[in-house]
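*Asks:* What follows is each chain in one-letter form.
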Amino acid sequence: MTVGTQWVLDWARRSAAVLSQHRTELGDLDRAIGDGDHGENMDRGFTAVMAKLDDVPQDATPSDVLRLIATTLISSVGGAAGPLYGTAYLRASESVADRDRLDSSAIAGLFAAATEGIVQRGKALPGEKTMVDAWTLAVEAALQSAARDEQPVQLLASAADAAEAAAAATEPLVARKGRASYLGERAIGHRDPGAQSTALILRAAADAAVATADD
Amino acid sequence: MTVGTQWVLDWARRSAAVLSQHRTELGDLDRAIGDGDHGENMDRGFTAVMAKLDDVPQDATPSDVLRLIATTLISSVGGAAGPLYGTAYLRASESVADRDRLDSSAIAGLFAAATEGIVQRGKALPGEKTMVDAWTLAVEAALQSAARDEQPVQLLASAADAAEAAAAATEPLVARKGRASYLGERAIGHRDPGAQSTALILRAAADAAVATADD
Amino acid sequence: MKKLINDPRAVTTEYLEGLAAAHPALLRISTHPAFVVRADAPVPGKVAILSGGGSGHEPLHAGFVGAGMLDAAVPGPVFTSPTPDPIVAATKAVDGGAGVLYVVKNYTGDVLNFETAAELASLDGVEVRTVVVNDDVAVRDSLYTAGRRGVAGALVVEKIAGAAAERGDDLDAIVHLCRRVIGLARSMGVAITPPTVPHSGEPSFVLADDEVEFGIGIHGEPGRARTAFAPVDRLVDELLEAILEDRPIAAGSRVLVVLNGMGSTPSSELYIAFRRVAQVLASAGIEIERSLVGSLVTSLDMQGFSITVVPLDDELVRLWDAPVHTAALRWGR
Amino acid sequence: MKKLINDPRAVTTEYLEGLAAAHPALLRISTHPAFVVRADAPVPGKVAILSGGGSGHEPLHAGFVGAGMLDAAVPGPVFTSPTPDPIVAATKAVDGGAGVLYVVKNYTGDVLNFETAAELASLDGVEVRTVVVNDDVAVRDSLYTAGRRGVAGALVVEKIAGAAAERGDDLDAIVHLCRRVIGLARSMGVAITPPTVPHSGEPSFVLADDEVEFGIGIHGEPGRARTAFAPVDRLVDELLEAILEDRPIAAGSRVLVVLNGMGSTPSSELYIAFRRVAQVLASAGIEIERSLVGSLVTSLDMQGFSITVVPLDDELVRLWDAPVHTAALRWGR
Ligand SMILES: Nc1ncnc2c1ncn2[C@@H]1O[C@H](COP(=O)(O)OP(=O)(O)O)[C@@H](O)[C@H]1O
Ligand SMILES: Nc1ncnc2c1ncn2[C@@H]1O[C@H](COP(=O)(O)OP(=O)(O)O)[C@@H](O)[C@H]1O
Ligand SMILES: [Mg+2]
Ligand SMILES: [Mg+2]
Ligand SMILES: [Mg+2]
Ligand SMILES: [Mg+2]
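Respectively, the protein sequence lines represent chains A, B, C and D. Going by our numbering, the first residue of the first sequence is number 1, and it counts up by one from there. Going by our numbering, the first residue of the second sequence is number 1001, and it counts up by one from there. Going by our numbering, the first residue of the third sequence is number 2001, and it counts up by one from there. Going by our numbering, the first residue of the fourth sequence is number 3001, and it counts up by one from there.
The following block holds chain A by itself, in its conformation from the complex (with noise of 0.2 Å):
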């Protein structure tokens, strides 16, 4: 079983529809510990995508829909939140390149490549309550799922259990990077919006595969 363009195309769609549903819930996370703009800041982001997934060319390949993301995202954000996101897709797409289908360990590595480049713009490590968090625990789940030989739709469920379970486990940390490290021990006891947005738009990846999956 492997996903395609279908599958990027339809992750979007459901991340700008989740992001949407979920905006107040990301501000009121990022008013608490942050600025407030984590909501906006991503609603503008993925609407900016869905007004450019119409024109994708038949024959588009996912990393050229993930690319289309990358620079719709970094245009569109701002923040902090947007360079990060926009790099992630960026890596995500350079990760599969030139590939129609993408099996499991495909998909694997195309998280463990935006992950890396999450963290190589931002610096964060895990545990510094930030998205890097969500994340990196989705990675690991996902190469595991990937060396356990399942399919894509059990990968991307276990990764977007790991980037739940990972966001709510940001709530009792300190921050170490982003605004709510300002804050100190203040942060504890509030979850990170970033993690929080991962885990939502992960799990968004994880329906997109559902629906659109050949087996």
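Calculated from the structure, these hints are not laboratory results. Even for Gly, the Cβ is constructed at its ideal location relative to N, Cα and C. Check the hints yourself; a few may be wrong.
Reference excerpt, derived from the structure (chain A facing chain D, CB under 8 Å, subset only) [said to hold, decoys possible]:
| hint | residue |
| --- | --- |
| 1 | 83 |
| 2 | 176 |
| 3 | 181 |
| 4 | 184 |
Once you've looked at the hints, dock chains B, C and D with the ligands against the given chain A.
*Replies:* Frame of chain A, contents of chains B, C and D with the ligands only:
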């Protein structure tokens, strides 16, 4: 029966006490249809008067004390009330120049002179929802009382009653002078703070007469 | 009540002390009685311009003391006219022999106290003249009432008077000029939150979340009417309508617009309001020749703004453009 | 939420339009992408100074565009760094051949977006250098975190950089100078009310009547600690203590003090706070050689203030005093 310098001194002390007690109430009245400072202004003024009363020489006449109150109010109250009350006490002082004791008709004349001073400075007519309303009715009551040959204690009680009634009677009026005039119809239902402070001051005059009158 | 102050009764004094500490080259203060004069006062042979009134409108008036504008400012307690004594003291401190002009905002308290001060100063041999600013069109029926209030138009009168004095005009000429400006200037304001007077600690009025005070004054007194909250463009439209109805301005005229914040209005919102003013006046064929956007004639921490429109001619443009160097307004030097 | 705006998503655009309407001789704007450049940009042969960041801090940065300060400002959405595209567009609009300096406040978003913009502009042949301002001492442990924030110190860096560019310094020299100023500048702030972001409509935090946010940032992010409300003198004392503890200043030193309002703080209260700053520094033997009091680096409608202290030498005094002509800062012309 007459009243003298002790009456003026006691009147001033009682005015200071009652205005300090009612500072917030007068401020609230002024907040509703003015700028909220009338309680503060009157309290500041009579506190300044109090500070000067101890230095009043033994042989001071009622006129001397009234002049001291006038100049102190002029130089400490500010706002509209400062010059108006200041002028009132100044004219009151002039009206009893060179008298040691004041009988009923002198007191009625004193109030009439005070009221004339206020009207001359402020150009307000009775019924325009200002302190003039309270002074005017008090003067009328005082003149009638004097005409009935009543004693100062009685005269002052009638004047105070009239001022209180007049203050209450400002409530349904539209204001034509002072800050409340900016409100048009919106001033209806609110009592004029200056009329209310006049009522308090005239009640203090009556109480002071009870306490200090020789009979 | 939370305010960034110490003793509520010391706000005026402490404000003056802060002003003096920040602008030693510009001005000198006296705290008892309270007044501010420009550093080089008295300027011999120059007419001195003096203004004042209750505190709480900062930077008006003390922030306008300096070359090209006010020689002296006399702040009373918050929202309360000063008494005559400090006015007289300030008058004597700035009189350079050519007389002193009082610029008074039209409130009973201010008018009466400045009137008394003028009498006293005259007794002491100072030539004093007074102009009363009454630019607020929110107040109607002015024939039978205390009359229109003076609001942000006072700033314009002070700037023009200061420039005229600086170029050497005599007292009569400046009085005449000021009366001309007062005849031209029209203002009106709106508030979305009340101010809170320090010594009372209570908001001066209470507004619901969907209400505004329309035709607001600058002392927390309620406005002409309580109306529905609306986008700022609509508020601007209504203010301009009232202003232009009161004194119509012909297409082709040139005007000065002061878009004035009421104290706690963010600068960005003032510019958003100004944008609409520019649109409306442009569509009426009125040219904004000069403009000033800022929180200049305020009402403590009230949120809101006022619009002042003053038709200009070449002389007024020249006087407006003349150098001014004060704490709050500065250009040309 | 009541704000003097129209569509919450249009605030940045409409602000720029208002700014352009008010200052046609000073600046030009582009709304898509959103940026502001001085009217005579590009100035051939002069290093261009560009700054930007999220909106909501007005007049920073757009109000500082003009001769002697910024060549360009790039405002993002409220509290959100701009994306690289408008930064690149503004960069090209102001490059006069001598290179462009980015003055960036130290926030992850700003740093990353300006970084990308610099790469892209370089690809297009523009020489770009970046300085990152991080003056806020409220943030501790900066070694292991996102580091200190950039707050009102940015204004000082922009003024000094603009003056240096105007006198003809080259890009390297200005970078060096800015780094020196950044090494010297220290700030800290306190808030008594939260800001309300237009598109959310909710206050960014909730403070009880007896609480302040101490060590507040300028994006509604909570401060270092929530502490008890106190007279402003005490708040000033604590801010100065933190500032001087972080970078001690010897008695006899000369400094620039910026007493900055957070958006909705009345001007009178800023001066009352400044009064205390002057007292404290005087008693430490530190001379306030220059000062600036005003709401300049704000956080929407937050009430509060920050103090910035920058030790001065003759060169910095000269550059600070050099003429500047922008919407929000003007002197010397
Ligand atoms: N250095 C970093 N590395 C990784 N993620 C980061 C970093 N800094 C911030 N983030 C993430 O970005 C999120 C905030 O994004 P957003 O609110 O859109 O931007 P901003 O902080 O500029 O307002 C945080 O919740 C965090 O997950
Ligand atoms: N023209 C006037 N004639 C008589 N009384 C007046 C006049 N204007 C105002 N007042 C009185 O002054 C009172 C307000 O005094 P106060 O609040 O101390 O001064 P201000 O209005 O300057 O704040 C009003 O309630 C009214 O009774
Ligand atoms: Mg954020
Ligand atoms: Mg009053
Ligand atoms: Mg008053
Ligand atoms: Mg942000």
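*Asks:* Now tell me, hint by hint, if it's right for this structure.
*Replies:* Cross-check of the supplied hints:
| no. | hint | verdict |
| --- | --- | --- |
| 1 | 83 | 4 Å, holds |
| 2 | 176 | 5 Å, holds |
| 3 | 181 | 4 Å, holds |
| 4 | 184 | 7 Å, holds |
Checked against the numbered hints above, the structure violates none of them.
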